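Undergrad: Line by line, the protein sequences are chains A and B.
Start counting at 1 in the first sequence, then tack on 525, and there's your number in the working numbering.
Start counting at 1 in the second sequence, then tack on 525, and there's your number in the working numbering.
Among these hints, one or two may not hold up.
Copies of the same chain look alike in the list, so a pair counts if it works inside one copy or between any two.
[Claimed, not checked] The calculated DSBU-like cross-link candidates involving lysine-lysine, where the alpha carbons are at most 30 Å apart (straight line), are:
1) K581 - K663
2) K644 - K544
3) K581 - K620
Just so you know, these hints were derived from the structure itself, not from any lab.
Computed from a predicted model, the values in this text were never measured in an experiment.
Protein chains: 2
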Amino acid sequence: MSVTREKILELGEELILTKGYNGFSYQDISTAMGIKNAAVHYYFPSKETLGTSILKTNRQRFEEMVENMQNRSFDEWHQLESFMKLYLKCNRENKICIIGSLGTDINTLSEPMQQELQKMVERILGWIAETLEKGRQKGLFRFNIPSNDQALQILSSLVAGLQLARVLGKHTFKSVHQSIWEEISPIENKNQQ
Amino acid sequence: MSVTREKILELGEELILTKGYNGFSYQDISTAMGIKNAAVHYYFPSKETLGTSILKTNRQRFEEMVENMQNRSFDEWHQLESFMKLYLKCNRENKICIIGSLGTDINTLSEPMQQELQKMVERILGWIAETLEKGRQKGLFRFNIPSNDQALQILSSLVAGLQLARVLGKHTFKSVHQSIWEEISPIENKNQQ
DNA sequence: GCAAATATACTTACTAATAAGTAAAATCAA
DNA sequence: TTGATTTTACTTATTAGTAAGTATATTTGC
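Required output: the full structure, derived from the provided sequences and hints.
TA: Here it is, written out as structure tokens:
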């Protein structure tokens with residue numbers, strides 16, 4: 526596939542994560558790449574098609590990660606930590622999560638983008654819940670609420686953790702990450718501090 | 526004070542909570558109010574001054590709420606629940622929290638707005654932590670991590686809870702709200718379901 | 001008490017910049 | 001030379017913001 530197209534997708538995603546969907550323009554992309562505005566429109570006729578493609582790429586990347594972890598037979602603890610590492614990386618790079626970013630702008634997005642976003646969130650939440658449930662049965666995690674609720678709590682913490690970290694400073698996210706593990710770690714590790 | 530000015534502030538806030546800071550324009554405000562664009566600029570010369578005023582109003586409203594609860598000698602449980610009720614209301618109205626909304630767009634905001642946002646988040650987090658600490662000492666709450674960390678976890682859940690609820694449906698937030706209470710409720714009420 | 005000055009709350013009518021998007025011509029690579 | 005890619009050169013719409021004017025109160029000087 527075209528390297529220009531790939532680069533546009535990459536830059537578009539970065540802009541969503543740093544400036545928000547309504548905070549960037551095709552100009553931002555074209556000038557950063559040293560091409561013309563119309564070249565971006567050649568690959569993505571409208572901002573909506575770009576946005577939808579970025580979301581689809583994200584979901585695909587997530588599936589690849591999950592598959593990869595299965596192939597390497599990561600246990601559930603390791604799987605969840607790998608997922609959280611994506612957020613730690615975001616935090617280091619002063620980015621927020623695409624869910625939080627587009628969640629803010631959702632009322633200004635086209636129907637296809639909204640649906641794609643919803644599909645993505647449902648998939649991720651489902652995976653977290655599933656991983657939590659399996660891990661709990663193995664004794665890797667300990668929590669008392671339904672795994673769907675626990676998954677929602679974890680994703681919420683991660684999503685808003687990045688946003689708050691951008692307001693208060695990067696160090697903020699460390700505490701969020703730690704609290705999540707303290708929340709679901711088995712009893713023997715709990716309150717060890 | 527001018528009723529027009531008040532109405533602009535109100536509408537501006539609503540637009541930030543529904544469409545995001547970069548997703549609304551002065552036109553949105555003026556047409557909704559049946560006045561001209563320039564009339565909005567009369568009260569708020571720039572979008573930045575409007576944004577900063579909205580944040581200041583928010584902080585002021587928060588202080589009034591806290592003071593009011595102190596006057597009515599609410600216990601810490603009642604205080605925290607009142608604070609969370611603000612988020613339940615937001616959820617009913619399909620809005621998100623101003624922290625999450627502006628947290629997304631922070632890199633596109635002016636310095637004064639960023640600082641005002643930071644001040645606001647610090648104040649709210651401080652209040653939650655303080656309230657949690659007092660309540661824990663009275664036996665109203667139970668949690669093992671530092672109250673600052675617990676406060677951060679609660680605020681994260683609330684902020685992203687609203688965003689996720691807008692993606693997945695309002696019912697989502699109920700689970701978030703419930704999980705928070707299950708997290709910090711004293712042992713006698715825990716796991717009662 | 002009353003005219004003159006002034007402040008308040010706007011509207012009209014702009015500007016300059018930027019937004020997304022397009023048609024057609026030019027370039028490039030096989 | 002053919003098709004993919006990219007630029008040139010636009011359009012149309014919207015953005016934040018401004019300058020100048022107007023009607024209506026409100027205050028001030030005498």
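Undergrad: All hints are to be evaluated individually against the structure, with a verdict given for each.
TA: Each hint tested on the structure:
1. K581 - K663: neither (33 Å within a copy, 50 Å between copies)
2. K644 - K544: both (23 Å within a copy, 21 Å between copies)
3. K581 - K620: both (19 Å within a copy, 26 Å between copies)
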